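Which chain is which? The protein sequence lines are S and G, in order. Residue numbers for the first sequence, in the working numbering: 1 to 227. Residue numbers for the second sequence, in the working numbering: 1 to 296.
The reader is advised that the hints may include incorrect statements.
Taking lysine to any residue and the SDA-like style, the derived pairs with C-alpha atoms no more than 20 Å apart in a straight line are [said to hold, decoys possible]:
(1) Lys-10(S) <-> Arg-294(G)
(2) Lys-117(S) <-> Gly-203(G)
(3) Lys-165(S) <-> Phe-31(S)
(4) Lys-117(S) <-> Ser-209(G)
(5) Lys-10(S) <-> Val-296(G)
(6) Lys-117(S) <-> Asp-210(G)
(7) Lys-10(S) <-> Gln-68(S)
(8) Lys-165(S) <-> Gly-203(G)
The hints are simulated quantities; they were obtained by calculation from the structure and are not laboratory data. This structure is a prediction, so every number in the text was calculated from the model and none was measured.
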Amino acid sequence: MVRFDNVWLKYRREGDPSLESAPDVITDMSFEIPEGGFRWLTGPSGAGKTSVLKLMYLAEHPSRGRIQLLGTNAARVSRREAAMLRRRIGVVYQDFRLLGHLSAYDNVALPMRLARKSEGQVRADVTELMRWVGLSGKLESRPAELSGGEQQRIAIARAVVGRPKLLLADEPTGNLDEEQAERLMLLITGLNGLGTTVVVATHNLGLVARYPGPRLEIEGGRLIRNG
Amino acid sequence: MARRVDHLGLRSAMAERLTPILIGAMSFLAALAIAGALAAAFLAGQWTENTGAALTVQVPEPAGRSQEGVATRLQAVLTRLQTASDVAGARVLSGAELNALLMPWLGEDAEKLALPIPAVITASWTGDGSPDSLRGALDAVAPGTLVETGASWAARVSALTGSLQASAVSVLLIVALVASAVISVVTHAGLAQRRETIEIIHGLGALDSDIAARFAVRATTLAAFGAAIGTASALPVLIWLAALAAPFTGVVVQSSAPAALPFALCEALPAVPVAAALIGWVTTQITVRGWLRRLV
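Isolated chain G (complex conformation) (with noise of 0.2 Å):
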């Protein structure tokens, strides 16, 4: 139909402000959504890569004699970590770190106190496996000595981040289910109004393709306005949300420019707009050609 005639009136019978409102609603959702799952995945990479590698050794009675009989316990300890192959790194924590570590326990001055504080060796684990030969060789130059891996550690923040990613991609598919259902009734509202019009349009030989587009192309149009808008009514939220989350991403929000927001959802938050309007055109369309089936 080469001059653009609206045939089946369809400017009056599509809800023309509460389709647009609706899927704006549902876009800032879904912006929301996107933003907690990108989230939580940078936070799971950040978290899991900075702990998984982690070794702590506990010496308790750090200044007693090793099994070697040369060295003190925290030395021979040390010295075994520093020359095995597969750890790296690894150096004594000063008695002030060690304070600041055991202040939420035992005060601002554990070293004043009579407690047998072992000493602490940081290191990261380099090897494949587990650190299960490294605990036997280090009991056996200081019985006693723990040996502990942030892998448990890594495991659970990535089950924990996990979790909310799922919740996020379900929130995502709610929203979707949800806007498709919303353009699902404004279209069956605008075949129900226009319906003796498209029964005429029909009769004088107008394929379902051409009805379905029709309505789709009005859908798509209206879907992808209102998600328009409401992905940019989220970007003051999410921003605010970027500056509340910056000590625990590292990412510093210095203005409320939409640049401000990580770069992965900069690239992201286009897709709902344009996801809107794919729901909308593929809901019409389905909605319009099982509509149009009732027809002989």
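Isolated chain S (complex conformation) (with noise of 0.2 Å):
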């Protein structure tokens, strides 16, 4: 389950210590996800989405309100509370943010290998993954070596390879072609048919309309539409 309640985001300006002088990026935001439940996030770009996904996972904290995510308090956690609580949470970067000096078969395999899971179910879950996103011909390969289609692909894989309880991807179809993101979101409306809460930021409204689901759309910080 996510949970806003009345949560306002501002951005602490570069040698501005002071919040208060800021602008607000997230206004008055409340709205609840249940748990399984599925929204697309849309809104133009600039409306502040990835700002939202970014609270949703613990990249920033609410300047005002409070935030739920799979029922602990976000605002409460403690720093080793909050690694535990990203575990439990997959996601898809717009700019993929793939590790360029390992391959891609230890960037999928780094949020295991984080939870110190056995290298035996390590190389069984990321095989399987890459052969999935049809890049098991590519192990070793480094971002670098890869198309940005792929690395997406790559970014994708690393994002559900831990079977997370929330998957939030940040506009995941960006660079994939209509097959590979026909596939993506098969395998998006799949995790969430197994209890997966995902959250899909996207300004794509042919993409909204061909997966139909509830919407949280945004603009100006301001949530204008929920359902």
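If you follow the hints, you should be able to join the two separate chains into one complex; please do so.
This is the structure we're talking about:
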């Protein structure tokens, strides 16, 4: 379950420790996504979609308001508990955020290794996922040796390899062709069907039309539609 | 993390060559400082033991009649010393020994000079208190007799060696602080270079302790390696210094092998790489954990 109660967000400006003068990025936002729910997060570029996702994967703290994530008050967790919470959240970043010095295999294996899974389990799960995203022949390739679409698929595989309870995706189909986008949406809806709460941020309304679902629509940092 | 993958890419981020060289130089200095502290402690023990109990009695006009009138002043003082309960090994210095003592001031043959040279008796003071009562007793049988103990010299030697040891400990502390600063700077450089990678791993749920341990293992390895090389480099210098100090310590250095060094030093030197590793571990843990606090 994800719940925002009157959440506000400001970004601290460089060289200005005070938050007071900073503009609001998110304004008084409240919504709830039930466990196993699915939401499209839509809105024009700059509306605040990525900021909402950052609050959900604990990359930012709200300047006001309360966030409940997977049954935990996100403001009251210790650093260790926050790390444990992040392990239950899979994130597909808009800019992939792959580690350039690691192979595709090691990038996908990273969440499992951080969770101290056995190497046998890592090998089985990563190999299976790499095959599923169509990159089983590129296990040892570095991200720089892969195309944008291939990097996107590696990022997706890394986000879902730990079987997260909450999957957040920021423009996940942006670099994928039609077929790969279809496969990704099948994977996402499949995970959702297995009980994973899913939030997909996109400005691609065509994709939203093909996979109808409840929407959180934001504009100028405000929630203008919920449902 | 079961498989040893360099997730943070630290092999290239943390200065591979600079750190061992700088820590090696610090360890070289630390080895010299330890040797200095141990040498000062050894000499302090030896010198205070030898001089603290020494008793020197000067008897002017040794051939004159004593107050009791039955013997010479020298014989009367010697007899009193030999029968005193807190005095051991009283003996009169021979003419040759006295000559050798006075040679720096009076030349090679002091006996031939027309100078009233007192007789000198050496002994050991075995009593706990000061020999004031002895002074009174000796002055009674031979007025003008001087009694000197080595206690005041021993106190000065002790103060001198104490200050030498304090200097050596200060050097060790400074070396440890500089080593810690070097490791902190190298770690900060590594953190800055790997900022994005750390943020990604942090976002995937890595614990602060996981990230700090990765850096600490790397820093500890580099520090221990550098310290081992630095300490080994100090060995020839220490052996040379031990040979130079042999007349004072009484230890004869017969070879150029590390076994020629005092046992206490051989025992202490392996502690330098261990201490460097410990400093590396603790400094890196503090630096990385402090840096990670900036991340949400």
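Item to check | Restraint status (C-alpha distance of Lys-10(S) to Val-296(G) at most 20 Å) | outcome: 14 Å, holds
Next on the checklist: With the threshold set at 20 Å, check whether the alpha-carbon distance from Lys-117(S) to Asp-210(G) stays at or below it.
Outcome noted: 15 Å, holds
Checklist entry - Do the alpha carbons of Lys-165(S) and Phe-31(S) lie within 20 Å of each other, as the hint requires? => result 18 Å, holds
Item to check | Holds or violated: Lys-10(S) to Arg-294(G), with C-alpha atoms at most 20 Å apart | outcome: Satisfied, since the Cα-Cα distance of roughly 17 Å is no more than 20 Å.
Next on the checklist: Between the alpha carbons of Lys-117(S) and Ser-209(G), is the straight-line distance 20 Å or under?
Outcome noted: 17 Å, holds
Next on the checklist: Check the hint pairing Lys-10(S) with Gln-68(S) against an upper bound of 20 Å on the C-alpha distance.
Outcome noted: Given pair Lys-10(S), Gln-68(S) holds - Cα atoms ~19 Å apart, limit 20 Å.
Next on the checklist: Holds or violated: Lys-165(S) and Gly-203(G), Cα atoms, limit 20 Å.
Outcome noted: 15 Å, holds
Checklist entry - Taken at face value, is the distance from the CA of Gly-203(G) to the CA of Lys-117(S) at most 20 Å? => result 18 Å, holds
Every hint, counting from the list given before, is met by this structure.
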